[in-house]
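Top to bottom, those sequences are chains A and B. Going by my numbering, the letters in the first sequence line up with residues 2 to 220, in that order. Going by my numbering, the letters in the second sequence line up with residues 14 to 372, in that order.
Check each hint, because a few of them may be wrong.
Unchecked claim - Once the Cα atoms are required to be at most 20 Å apart in a straight line, the calculated SDA-like pairs of lysine to any residue come out as:
no., chain 1, residue 1, chain 2, residue 2
1, B, 16, B, 76
2, B, 236, A, 34
3, B, 251, A, 178
4, A, 29, B, 87
5, A, 29, B, 189
6, A, 185, B, 248
7, B, 236, A, 21
8, A, 3, B, 299
9, B, 189, A, 32
10, B, 87, B, 189
11, B, 106, B, 281
12, A, 40, B, 261
13, B, 236, A, 25
14, A, 62, A, 131
15, B, 251, A, 186
16, A, 3, B, 192
17, B, 145, B, 181
18, B, 189, A, 8
19, B, 145, A, 4
20, B, 236, A, 134
21, A, 122, B, 54
22, A, 29, B, 54
23, B, 251, A, 182
24, A, 185, B, 261
25, B, 236, A, 50
26, A, 129, A, 50
27, A, 189, A, 175
28, A, 118, B, 251
29, A, 32, B, 261
30, A, 40, B, 281
31, A, 45, A, 189
32, A, 29, B, 281
33, B, 251, A, 122
34, B, 251, A, 4
35, A, 185, B, 247
What the hints assert, rightly or not - On the chain A side, residues computed to face chain B include the following (Cβ under 7 Å):
no., residue
36, 19
37, 22
38, 23
39, 27
40, 182
These are calculated hints, taken from the structure and not from any lab test. None of these values were measured; they are calculated from a predicted model. Glycine included, every Cβ here is placed at the ideal spot set by N, Cα and C.
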Amino acid sequence: MKRINILVAFFICWGILIIASSMLLAVKNRKELLDFSRKIAERKVTIYPVCAPIVDCYGTKIAWTEWQFYLQCSVRRKKDMEKFFKELGIVFEPVHIVEKKCMIQNIPAAKAANAVKLARKYRFRLRKKTVRCLQKLPLTAQNFIGSTFLYYGINGLEAQYNDRMQGIPGIYQIMRGPSGRIEKNSFKIMLPMRSGRELRLQASLLELQCGLFPMEVIK
Amino acid sequence: MKKTLFLFNAWVHAILFIISFSGIMLIYSSRYDRHLDLGSTDFALKQFFFLIIGFLCMEYLRKVDFHKLLCHSKVLFFAALVILYGVLLFGVKINGMRGWFYIGKFSLQPSELFKCIYVLYISAVYMKAENKERAFLQNGLLSIVWIGAILLEPDYGTAVIYGIIFAITSFLAGVKLSMLALLPLCAVTSLFVFIGRKAYGFNRIYEFFSGNADISGTAWHWKQFQLAIARGGWFGNKLDGTFWSNNYLPFAYNDSAYAAMHEATGIVGAAIILILFFVLFILFYRESCCCKDNQLVIISVISAILMQVLMHCSINCVIIPTTGLTMPLISYGGSSLVGTFLLLGLALSFCKQMDSTGE
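Could you build the full structure based on these sequences and the hints that come with them?
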């Protein structure tokens, strides 16, 4: 049956053609195609450094930044959210219900590590934000150090030395797809991030609590 | 002789095992779960379930006497034809195609499952017929009715595969070349009908051959194929580095399986899988040489599988215009997987009988 041999030869030629065209794409035109793929998937990301603390003369933190985790999810997943918090050992009390669509509840720092692991199980995405914390001080001392509350803005030392404590945000280039997956080894530094420098006061925490404010700060 | 058959079966099963599990790995890696930062197991587990069902079907069909299959081929063919037209009335529409029946949680695609019945019937007609040209016309008319049902779904990729199966079987059966020349005419007519019905079909074919492809439009799919293949290089990005398949490649676990496999395993891995399909073909070819009577069915079946593999790879390598076509044993899809195993079971059944009679 000679026709079978013709068929076999035809299949083999076709197979060779496929491998040759694969090689053309994966070897010869690879660089050009990779550049094109970068154009499609490359994104610029700005990463902000954590704001440096204000410390007293002994190094005790007076104002500092903390990461706070919170869970924001659709009202439709309320049951999952309840299970999640029950397993985490936290009472389920969503703080905000935005337009009856999504709920938000904060997670204490002590439970954050467990929450990250548990979020994977329940397929929740934990969000995080930075919160500026301040030692308990009399009102005058608080005004001297300053605060970063949304409605009051920044005042005192916080405002005066904001740039120094904030540092410089870094700009990075990554390859990220619509599903949110980041390509390994695609991290390119465009502008390196510089951390903020802490502000050391001449006075101690006790002096601040007694109303004695330092005339100058140690830079 | 029994030892030879045992060795043949062992080789076939080993190759099927390697190819099928590569497919499951590919499906696992191309279904990325952003919450787990890992491949997702949902589709891979379903594929594994259908792999077991397909394997059991193949083993069952392998043990069936091929004389019985040939006797019942006509009944099976017409019953399948009724179901194919039934799916147009009672089927479910998925991705714009009315080609599935829902059974519980699973959807079944008759056009994929009945490939073995189609091959069996047209081969049986050729085997019984003394006048091959008359058998060609009879098979041709029935094939038009069969493929018509698939075109009405509309599933152009599968329809093309059926057309090619018919062409190969007729060619192997010894039909005169002058009669076979009718087939390209039919193909061109069908192409014009397709272009007339679907404007995007014309754009897709025109832009493919003209080279003036709009990357944001019709050329988007094949540009993604090219990019996924290019990212694979020689040795690929391993299964956890299939970034392009997870994000940009459309249907990476199904219609773009070859490109996704290329990204994961590179030229080397993709070529090994392709070579394994060729080895499978050669094993059946060698085994079929022992008995000329059954050669037509065995070669038609294995050619149908290899042809679909080559078509799928060609679409992914941008050698031919894009159409949705799965890669047998690799792509996700229960019907496709079980249909391929049924085809293999049919070929093995004819090989087994050949051994006992051919000795």
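Going down the list of hints, with the structure as the test:
A threshold of 20 Å between alpha carbons decides the hint, and for residue 16 of chain B with residue 76 of chain B the separation of about 17 Å falls inside it, so the pair holds. Between residue 236 of chain B and residue 34 of chain A, the direct Cα distance comes to roughly 9 Å. Compliance with the 20 Å bound is thereby established for this hinted pair. Proposed proximity of residue 251 of chain B and residue 178 of chain A is supported: the alpha carbons are some 18 Å apart, at most 20 Å. Between the alpha carbons of residue 29 of chain A and residue 87 of chain B the distance comes to roughly 52 Å, so the proposed pair goes past 20 Å and is violated.
Under the criterion of a C-alpha separation no larger than 20 Å, the hint pairing residue 29 of chain A with residue 189 of chain B is inconsistent with the structure, at around 43 Å. At roughly 16 Å between alpha-carbon atoms, residue 185 of chain A and residue 248 of chain B fall within 20 Å of each other, so this suggested pair holds. Restraint check for residue 236 of chain B and residue 21 of chain A: the C-alpha separation of about 18 Å stays at or below 20 Å, so the hint holds. A threshold of 20 Å between alpha carbons decides the hint, and for residue 3 of chain A with residue 299 of chain B the separation of about 14 Å falls inside it, so the pair holds.
Of the supplied pair hints, the one linking residue 189 of chain B and residue 32 of chain A is violated, its CA atoms being roughly 49 Å apart against a limit of 20 Å. The suggested pairing of residue 87 of chain B with residue 189 of chain B is violated, with an alpha-carbon distance near 24 Å, which exceeds 20 Å. Under the criterion of a C-alpha separation no larger than 20 Å, the hint pairing residue 106 of chain B with residue 281 of chain B is inconsistent with the structure, at around 38 Å. Taken as a hint, the residue 40 of chain A and residue 261 of chain B pair is honoured in the structure, with Cα atoms around 13 Å apart against an allowance of 20 Å.
Between the alpha carbons of residue 236 of chain B and residue 25 of chain A the distance comes to roughly 14 Å, so the proposed pair stays at or under 20 Å and holds. The hinted pair formed by residue 62 of chain A and residue 131 of chain A meets the criterion: a straight-line CA distance of about 16 Å does not exceed 20 Å. Straight-line distance between C-alpha atoms of residue 251 of chain B and residue 186 of chain A comes to about 14 Å, which keeps the hinted pair within the 20 Å bound. Between residue 3 of chain A and residue 192 of chain B the alpha-carbon distance is near 18 Å, which keeps this suggested pair within the 20 Å criterion.
The suggested pairing of residue 145 of chain B with residue 181 of chain B holds, with an alpha-carbon distance near 14 Å, which does not exceed 20 Å. Of the supplied pair hints, the one linking residue 189 of chain B and residue 8 of chain A holds, its CA atoms being roughly 16 Å apart against a limit of 20 Å. For the hint pairing residue 145 of chain B with residue 4 of chain A, the CA-to-CA distance comes to about 15 Å; that is within 20 Å, so the pair holds. Distance restraint check for residue 236 of chain B and residue 134 of chain A: the Cα-Cα separation of roughly 51 Å exceeds the 20 Å cut-off, and the hinted pair is therefore not satisfied.
Straight-line distance between C-alpha atoms of residue 122 of chain A and residue 54 of chain B comes to about 14 Å, which keeps the hinted pair within the 20 Å bound. Between residue 29 of chain A and residue 54 of chain B the CA atoms are separated by roughly 35 Å; this puts the pair beyond 20 Å, and the hint is violated. Taken as a hint, the residue 251 of chain B and residue 182 of chain A pair is honoured in the structure, with Cα atoms around 16 Å apart against an allowance of 20 Å. Distance hint between residue 185 of chain A and residue 261 of chain B is fulfilled; the C-alpha atoms sit about 16 Å from each other, no more than 20 Å.
For the suggested pair residue 236 of chain B and residue 50 of chain A, the alpha carbons sit about 39 Å apart, so the restraint of at most 20 Å is broken. Note on residue 129 of chain A and residue 50 of chain A: the hinted pairing holds, with a Cα-Cα distance of about 14 Å set against a maximum of 20 Å. With a C-alpha separation of about 6 Å, the suggested pair residue 189 of chain A and residue 175 of chain A falls inside the 20 Å cut-off, and the hint holds. Taking the CA atoms of residue 118 of chain A and residue 251 of chain B, the gap is about 26 Å. The hint is violated against a cut of 20 Å.
Annotation: proposed proximity of residue 32 of chain A to residue 261 of chain B holds, straight-line Cα distance about 19 Å (limit 20 Å). At most 20 Å may separate the alpha-carbon atoms for a hinted pair to count; residue 40 of chain A and residue 281 of chain B exceed this at roughly 27 Å. For a cut-off of 20 Å, the pair hint linking residue 45 of chain A to residue 189 of chain A stands: about 9 Å separates their Cα positions. Annotation: proposed proximity of residue 29 of chain A to residue 281 of chain B holds, straight-line Cα distance about 15 Å (limit 20 Å).
This hinted pair does not check out: residue 251 of chain B and residue 122 of chain A have alpha carbons roughly 25 Å apart, beyond 20 Å. With a C-alpha separation of about 41 Å, the suggested pair residue 251 of chain B and residue 4 of chain A falls outside the 20 Å cut-off, and the hint is violated. This hinted pair checks out: residue 185 of chain A and residue 247 of chain B have alpha carbons roughly 18 Å apart, not beyond 20 Å. Evaluation of the residue 19 of chain A hint against chain B yields a held restraint, the C-beta minimum of about 5 Å falling below 7 Å.
Nearest Cβ of chain B to the Cβ of residue 22 of chain A: about 4 Å, under the 7 Å cut. The hint holds. At a threshold of 7 Å, the smallest CB-CB gap from residue 23 of chain A to chain B is about 6 Å, leaving the interface hint in force. Checking residue 27 of chain A against chain B: minimum C-beta separation of about 5 Å stays under 7 Å; hint holds. Interface restraint check: residue 182 of chain A against chain B, minimum CB-CB distance 5 Å, threshold 7 Å, status holds.
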